[in-house]
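Participant: Full structure from sequences and hints, please.
2 protein chains.
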Amino acid sequence: MNDTLMTDESRLRREHHKGHYDRETVYRILDENPFCHLAFVQQGQPVVIPTMQWRVGDMVYWHGSSKSRIAHGSDSAKVCLTASRIDGLVLARSAFEHTVNFESVVVIGEAQRFEDTAQKTALLESFFDHLFPGRWDALRAMTASELKATAVMGLPLHSASAKIRRGPPNEPEEDRATPVWGGVLPIAMQFGKPLPDEFNQMPEPGYLARLRTKP
Amino acid sequence: MNDTLMTDESRLRREHHKGHYDRETVYRILDENPFCHLAFVQQGQPVVIPTMQWRVGDMVYWHGSSKSRIAHGSDSAKVCLTASRIDGLVLARSAFEHTVNFESVVVIGEAQRFEDTAQKTALLESFFDHLFPGRWDALRAMTASELKATAVMGLPLHSASAKIRRGPPNEPEEDRATPVWGGVLPIAMQFGKPLPDEFNQMPEPGYLARLRTKP
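Heads up: the sequence lines are chains A and B, in that order.
Quick note on this note's numbering: the first sequence kicks off at -2 and runs consecutively.
Quick note on this note's numbering: the second sequence kicks off at -2 and runs consecutively.
There's no promise every hint is true.
Any copy, or any two copies together, can satisfy a pair, since identical chains are not distinguished.
[Claimed, not checked] Below, computed lysine to aspartate or glutamate pairings styled on EDC-like, alpha-carbon distance capped at 16 Å: (1) Lys145 / Glu201; (2) Lys145 / Glu94; (3) Lys15 / Asp84; (4) Lys64 / Glu12; (5) Lys160 / Asp19; (6) Lys190 / Asp84; (7) Lys160 / Glu29; (8) Lys117 / Glu143; (9) Lys75 / Glu29; (10) Lys145 / Asp126; (11) Lys190 / Glu12.
Think of the hints as simulated: they come from the structure by calculation, not from any bench.
Facilitator: If you want it as structure tokens, here you go:
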């Protein structure tokens, strides 16, 4: 296993100062940002759909319906999985220097589909454990037909890049006299108060409070 | 111009009840969710990157460095632009019925690049006006070299789909007796208090307050 995730394919073509290829940075961003976008190619047309990812060791995983296009139907196994978080809008004194504070990871490679029932179950359990520690054991077991209807896919973390932009506007000194507000409008994804459904009889689990108070 | 954005390529293959193809729904989701992901194909490999989009009439636009891969360097002009918003995690009593509340729009087609300086300037101004009404006029004008370094790209809204999932878990009645919490953990993107940079001399503009109080 290589320490670096830089490959000819994953290397940033520009803004090299924002790029990171170490496993620690890439793994942290993946672990903190479960919402992601997955791209594949279908009859020559790229398609990108929102989904969720989770990481176990040096693989990143996602799941979906066995009937869906993320499980099959692409031209090839080649996919790209991108997890990103927006941290703020950066308002400079020129249009050109406006930008966004963000963190993102782009992973490219060939998707693998897992068919073994025990392995699929263990991977789905690891997805739950990452989001809601302890919840899996309280749920009824998945049925054979539910497992069959669920595709679990994975991508080796071999070729990837992280990109990070933080802080105030970065602009030429002569622009700073322009009489317009300069700074950052912070953005964060916030969890709200859990809404039990009308059938709920159980107290609010601790993992929901934990998610809500995450930094 | 067709009223429907459904084409053979944009039609959902499954979960038809979540699909929408009318311009009103697709336009609303695009207008409310400027952060998006853009996919293209490079040497047979799909690549998806986070960016921002804005809509004018029946076109969706994005911009980036003229040197970047979103401006050129793809195998073809075929792209997919997906804007999505996560509204909540839906916790059912079985692993299988867990899902996510969200809204998304997927637009596919061939990207166009705009080269005319006046047209590029007008499109970038419309991007600013959408986010920060009135800000454009307070900035210094873009220079010729800044405009040259900025690629403005667009995609006709011809083939697209919207997908929406809202509300509590939807699960078989017999699952509801399982002793585990059931409901929704709401999620929202929140704007924080604007952070002026150390050079700022101007009062906070009204458009920042407006963004922060948006529903």
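Participant: Quick one: which hint numbers does this structure break? Sort them smallest to largest.
Facilitator: When the structure is compared with the hints, numbers 1, 9, 10, 11 turn out to be violated.
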